[in-house]
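Asker: Kindly generate the complete structure, drawing on both the sequences and the hints.
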Amino acid sequence: MALTVAQDWDRLAKDNGGIGFVDTLLRGAGQVMFQDNPVTGLLFLVGITWGALAADQWEVAVGSVVALLIATITAKLLAVDQTAVRQGLYGFNGILVGAAVPTFLGTNSYMWVYLIVGAAVSTVVMMAIANIGATWGVPALTFPFVLTTWFLVLGAWSFNHIKPVALGPTGFPVAIDNNAAHVAVSASMLAETLFRNVAQVFLINNVVTGVIFVIALAVSSRWSAAFALLGSALAIATALVLGASGSGISNGLYGFSAVLTAIALGSIFYTPGWRVLAFTVLGTIFTVIIQGALNAALSPVGIPTFTAPFVFATWLFLLPKEKFMPIPHAPIAHDAVSTKTTSGASS
Amino acid sequence: MALTVAQDWDRLAKDNGGIGFVDTLLRGAGQVMFQDNPVTGLLFLVGITWGALAADQWEVAVGSVVALLIATITAKLLAVDQTAVRQGLYGFNGILVGAAVPTFLGTNSYMWVYLIVGAAVSTVVMMAIANIGATWGVPALTFPFVLTTWFLVLGAWSFNHIKPVALGPTGFPVAIDNNAAHVAVSASMLAETLFRNVAQVFLINNVVTGVIFVIALAVSSRWSAAFALLGSALAIATALVLGASGSGISNGLYGFSAVLTAIALGSIFYTPGWRVLAFTVLGTIFTVIIQGALNAALSPVGIPTFTAPFVFATWLFLLPKEKFMPIPHAPIAHDAVSTKTTSGASS
Amino acid sequence: MALTVAQDWDRLAKDNGGIGFVDTLLRGAGQVMFQDNPVTGLLFLVGITWGALAADQWEVAVGSVVALLIATITAKLLAVDQTAVRQGLYGFNGILVGAAVPTFLGTNSYMWVYLIVGAAVSTVVMMAIANIGATWGVPALTFPFVLTTWFLVLGAWSFNHIKPVALGPTGFPVAIDNNAAHVAVSASMLAETLFRNVAQVFLINNVVTGVIFVIALAVSSRWSAAFALLGSALAIATALVLGASGSGISNGLYGFSAVLTAIALGSIFYTPGWRVLAFTVLGTIFTVIIQGALNAALSPVGIPTFTAPFVFATWLFLLPKEKFMPIPHAPIAHDAVSTKTTSGASS
Numbered sequence: 001m002a003l004t005v006a007q008d009w010d011r012l013a014k015d016n017g018g019i020g021f022v023d024t025l026l027r028g029a030g031q032v033m034f035q036d037n038p039v040t041g042l043l044f045l046v047g048i049t050w051g052a053l054a055a056d057q058w059e060v061a062v063g064s065v066v067a068l069l070i071a072t073i074t075a076k077l078l079a080v081d082q083t084a085v086r087q088g089l090y091g092f093n094g095i096l097v098g099a100a101v102p103t104f105l106g107t108n109s110y111m112w113v114y115l116i117v118g119a120a121v122s123t124v125v126m127m128a129i130a131n132i133g134a135t136w137g138v139p140a141l142t143f144p145f146v147l148t149t150w151f152l153v154l155g156a157w158s159f160n161h162i163k164p165v166a167l168g169p170t171g172f173p174v175a176i177d178n179n180a181a182h183v184a185v186s187a188s189m190l191a192e193t194l195f196r197n198v199a200q201v202f203l204i205n206n207v208v209t210g211v212i213f214v215i216a217l218a219v220s221s222r223w224s225a226a227f228a229l230l231g232s233a234l235a236i237a238t239a240l241v242l243g244a245s246g247s248g249i250s251n252g253l254y255g256f257s258a259v260l261t262a263i264a265l266g267s268i269f270y271t272p273g274w275r276v277l278a279f280t281v282l283g284t285i286f287t288v289i290i291q292g293a294l295n296a297a298l299s300p301v302g303i304p305t306f307t308a309p310f311v312f313a314t315w316l317f318l319l320p321k322e323k324f325m326p327i328p329h330a331p332i333a334h335d336a337v338s339t340k341t342t343s344g345a346s347s
Numbered sequence: 001m002a003l004t005v006a007q008d009w010d011r012l013a014k015d016n017g018g019i020g021f022v023d024t025l026l027r028g029a030g031q032v033m034f035q036d037n038p039v040t041g042l043l044f045l046v047g048i049t050w051g052a053l054a055a056d057q058w059e060v061a062v063g064s065v066v067a068l069l070i071a072t073i074t075a076k077l078l079a080v081d082q083t084a085v086r087q088g089l090y091g092f093n094g095i096l097v098g099a100a101v102p103t104f105l106g107t108n109s110y111m112w113v114y115l116i117v118g119a120a121v122s123t124v125v126m127m128a129i130a131n132i133g134a135t136w137g138v139p140a141l142t143f144p145f146v147l148t149t150w151f152l153v154l155g156a157w158s159f160n161h162i163k164p165v166a167l168g169p170t171g172f173p174v175a176i177d178n179n180a181a182h183v184a185v186s187a188s189m190l191a192e193t194l195f196r197n198v199a200q201v202f203l204i205n206n207v208v209t210g211v212i213f214v215i216a217l218a219v220s221s222r223w224s225a226a227f228a229l230l231g232s233a234l235a236i237a238t239a240l241v242l243g244a245s246g247s248g249i250s251n252g253l254y255g256f257s258a259v260l261t262a263i264a265l266g267s268i269f270y271t272p273g274w275r276v277l278a279f280t281v282l283g284t285i286f287t288v289i290i291q292g293a294l295n296a297a298l299s300p301v302g303i304p305t306f307t308a309p310f311v312f313a314t315w316l317f318l319l320p321k322e323k324f325m326p327i328p329h330a331p332i333a334h335d336a337v338s339t340k341t342t343s344g345a346s347s
Numbered sequence: 001m002a003l004t005v006a007q008d009w010d011r012l013a014k015d016n017g018g019i020g021f022v023d024t025l026l027r028g029a030g031q032v033m034f035q036d037n038p039v040t041g042l043l044f045l046v047g048i049t050w051g052a053l054a055a056d057q058w059e060v061a062v063g064s065v066v067a068l069l070i071a072t073i074t075a076k077l078l079a080v081d082q083t084a085v086r087q088g089l090y091g092f093n094g095i096l097v098g099a100a101v102p103t104f105l106g107t108n109s110y111m112w113v114y115l116i117v118g119a120a121v122s123t124v125v126m127m128a129i130a131n132i133g134a135t136w137g138v139p140a141l142t143f144p145f146v147l148t149t150w151f152l153v154l155g156a157w158s159f160n161h162i163k164p165v166a167l168g169p170t171g172f173p174v175a176i177d178n179n180a181a182h183v184a185v186s187a188s189m190l191a192e193t194l195f196r197n198v199a200q201v202f203l204i205n206n207v208v209t210g211v212i213f214v215i216a217l218a219v220s221s222r223w224s225a226a227f228a229l230l231g232s233a234l235a236i237a238t239a240l241v242l243g244a245s246g247s248g249i250s251n252g253l254y255g256f257s258a259v260l261t262a263i264a265l266g267s268i269f270y271t272p273g274w275r276v277l278a279f280t281v282l283g284t285i286f287t288v289i290i291q292g293a294l295n296a297a298l299s300p301v302g303i304p305t306f307t308a309p310f311v312f313a314t315w316l317f318l319l320p321k322e323k324f325m326p327i328p329h330a331p332i333a334h335d336a337v338s339t340k341t342t343s344g345a346s347s
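Chains as they are written, first to last, in the UniProt record's numbering: chain A, 1 to 347; chain B, 1 to 347; chain C, 1 to 347.
Keep in mind the hints are simulated off the structure, nothing from the lab.
Where hints are given, some of them may not hold.
Since the list can't tell identical chains apart, any single copy or any two copies may satisfy a pair.
Claimed, not checked - Here are the simulated lysine to any residue pairs, SDA-like style, with alpha carbons at most 25 Å apart:
1) Lys163 / Pro304
2) Lys163 / Leu282
3) Lys163 / Ala184
4) Lys163 / Ala175
5) Lys163 / Gly248
6) Lys163 / Gly246
7) Lys76 / Gly137
8) Lys163 / Asn251
9) Lys14 / Val207
10) Lys163 / Ala187
11) Lys14 / Asp81
12) Lys163 / Asn178
13) Lys163 / Ala237
14) Lys163 / Trp112
15) Lys163 / Trp223
16) Lys76 / Trp274
17) Lys76 / Phe172
18) Lys163 / Asp177
19) Lys76 / Ala278
20) Lys14 / Asn205
21) Lys76 / Ala175
22) Lys163 / Ala180
Answerer: What follows is the structure in structure tokens.
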């Protein structure tokens, strides 16, 4: 029956412009974890709303939907490839901008204007980064969200009407001490963190939301759900072994990027297999190291990493290609400097 | 008559090597605001000189001319496309290096050596960045100036003979307070800031210089002059709405990048029209947000943003292309990792 | 006779898998200074070991060899171009990771795991950066080492089991004072620094190691040895003229990147000649300026520049190409924004 409903929906979405647009928005939500699936997207929105209301932050839920809408409409107005728009590829950065801005900045009318400008710009940045990445066949991932939102939250320091309520504290990086690294490991803590890591992909700190997100993934791809949990578990193990901040670990802050790296490398961009599994494990572990590195690097300016650790690790692990040939350490042919010389001068 | 003089000049510049070189230098000055026009360049030099002398900083005027000269000569010596050299495309980053170095570093003989090295390097960096940008059909803009001069002024902290007299103060970003954001808006303040924003493109804080610059633009392109003023007005409005630093606004520091973004998007790289106008407005507003963001991000190292907000915003708004196709979230063909696996192993 | 031994070795390396692998490792060491030569690599390992033992840091010698091994094996496991693997192009970033990690982080079992993960990742990053650089015909240089190791050492602030013993002190950049810039120049100081600069390419602060390294270069290429010494001498002169930190200069910290820039531009990637010599001198001087700049820029996060000044300067000086054409300041054809407009709207 579920299949029939899905077929009915797809037919409706094709025939009816309004339903087609809702379908586009839902796919946009789903694409945050690479799923071109409206049911996944719908469940993501349910999970976000649950988590936002549980934390008494309705602005995060509303902001996500508003930004998803604005980013998608901007894409429809610009003359971009409409197939990609229909797959939700211009929505997933917007929804993240809309979740992040009310999480880190104080709620007032200026914040909403800021959020709307940021959502529209995220579509332009998506087009820009996708154009660059296409040169090497790599996707933009969530970098348009990261870049746009870094500008937005950094700007909050300079603009009196935009309040950096959840930014900072700023400071030089200092070596973490034994106290801060302490974490009471228990079965329930591990189980909760496993799902919190998934929830934090949308900046939500809520176990139920994480469970809903994993179900949403499984609806579309069991591989993706499995790799989300694998990435989450690997992140917990890596962060515990290295001795990361206890509160950081248990709030899911060492896991959300690793979850995305594991889904991306393990189930989306490479064909699953043993070699890819090993490669994914290495990439996921390194994502946790980049998380620690960027936490330190950004501490003087007091802004969060967002999903940058996922983006950087996944780009580095996607860029290698079979026919790739490094430039040998030998003279470059036809350069601007030496060619004119060889005939006229000698050394 | 003006037309006849212009024709005479062009003929002279073609026939006489010396006058041709002067023509190249003047076009180099003009290209800072994208004008391949020697009269515009000449008026820019007049405006710089006026502003520099009014501020008792003759080094800025002399430095601009010296660096323009060095950068252009370096381009002639390297075997680059001489058509581009003749259009002044190797002069505009040099002249900006020459204006910035004496503005931020103390005057002594070492500073002059530093300025000359920087001007020569700016040409190499222009060739490098232009080569990269050509991959996506986007211009280098003033990024060669920004990158070269960031290295030069950051180096001033480390070199005892180079004095960082106008750098800093360094510090962590802190939320701007009501006092600092206060600004007494009046007709004269708005009118003055409108032109100061244009003058600050060359790091000059002078209303008359701004007026001369707008006239210089109008000589070459009325669209460019109009978009310069539109960008300036939009920047003032955006900065006031967001509550930026009052002294920053009235000294033109929130407007110079926006002026360049508006000229570039509105009148140079896109064909003017209503859609482009809306796109330019969005890009200009976001330039002001990037300005606030980079002000905060660079405060720990105490260096100015230069025109980086313009460069980053304009690149992001130029990179989208009609035939652009984002990479779908699906397996990448022919990768280094999984292809070998699919036949030999399964999961 | 040396020739016969070399021929014997090459035959053995071709016929015998084990000896072939040792040959690959030695070439990997040699490629740090661009030499596809096993004798050079062997002498580099001798120099590293000498310097490490003299400083009572056996971990640096062992770490270098272990990381060289791990990086090379990773490359053999991934389906990359095996000719490049045989030339050692997947070893040179690994060996540098292996020298740097024990130099800056405290020795414990976690550090060794960290080093092994970093060495394996350095190969993936090499493939990624080489793929990007190939677009413009420029090599990855040591950027895979720099990027990987920046992540590793920055992460040390966040991980309790990884100890940042030789990082920091963190702080805002401050203008260097006369005292710190003072240096007693003498013939012996100059001679020692000349070789220390070369030794510091592998993060070794030892004159004998520097002498061994220069001999190792001369075995493979007299041009490379000559340019190493030229780059070193130029770096000393530039740093003294600009007034860099006296202890920085005499410990070789202003010279190691300049040594690499000079070898790369002067003897490897361009055909030697007078024009190239002038170009190399400019690039080497600017490398010293970038060194001062990055020292200041990284001081808030307390990490070293590694060879980033070499990488950035050499990329900027390699990217210019003969047929290079800057993008003119004129409308871009076929853009996403304006094309749709021109028919439907006017302005």
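Asker: Does each hint hold? Answer for all of them.
Answerer: Quick rundown of the hints versus the structure:
1. Lys163 / Pro304: both (15 Å within a copy, 23 Å between copies)
2. Lys163 / Leu282: between (39 Å within a copy, 22 Å between copies)
3. Lys163 / Ala184: Result: close only across copies, 22 Å inter versus 35 Å intra.
4. Lys163 / Ala175: between (29 Å within a copy, 8 Å between copies)
5. Lys163 / Gly248: Both. Shortest intra-copy (24 Å) and inter-copy (19 Å) distances satisfy the 25 Å Cα cut-off.
6. Lys163 / Gly246: So Lys163 and Gly246 pass the 25 Å test across copies only (17 Å; inside, 28 Å).
7. Lys76 / Gly137: Cα proximity of Lys76 and Gly137: in one copy and across copies (24 Å, 23 Å).
8. Lys163 / Asn251: both (24 Å within a copy, 24 Å between copies)
9. Lys14 / Val207: Answer is neither; intra-copy 36 Å and inter-copy 58 Å both fail.
10. Lys163 / Ala187: Neither. Shortest intra-copy (39 Å) and inter-copy (29 Å) distances fail the 25 Å Cα cut-off.
11. Lys14 / Asp81: Within. Shortest intra-copy distance 17 Å satisfies the 25 Å Cα cut-off; inter-copy 46 Å does not.
12. Lys163 / Asn178: between (33 Å within a copy, 12 Å between copies)
13. Lys163 / Ala237: between (36 Å within a copy, 19 Å between copies)
14. Lys163 / Trp112: within (12 Å within a copy, 43 Å between copies)
15. Lys163 / Trp223: neither (41 Å within a copy, 37 Å between copies)
16. Lys76 / Trp274: between (41 Å within a copy, 16 Å between copies)
17. Lys76 / Phe172: For Lys76 and Phe172, neither the intra-copy (44 Å) nor the inter-copy (40 Å) Cα distance is at most 25 Å.
18. Lys163 / Asp177: Answer is between: at 10 Å across copies they meet the 25 Å cutoff, but 31 Å inside does not.
19. Lys76 / Ala278: For Lys76 and Ala278, only the inter-copy Cα distance (14 Å) is at most 25 Å; the intra-copy one is 40 Å.
20. Lys14 / Asn205: neither (36 Å within a copy, 58 Å between copies)
21. Lys76 / Ala175: Neither: 48 Å inside a copy, 36 Å across copies.
22. Lys163 / Ala180: Classified as between: cross-chain Cα gap 15 Å, same-chain 28 Å, threshold 25 Å.
Hints 9, 10, 15, 17, 20 and 21 from the earlier list are contradicted by this structure; the remaining hints agree with it.
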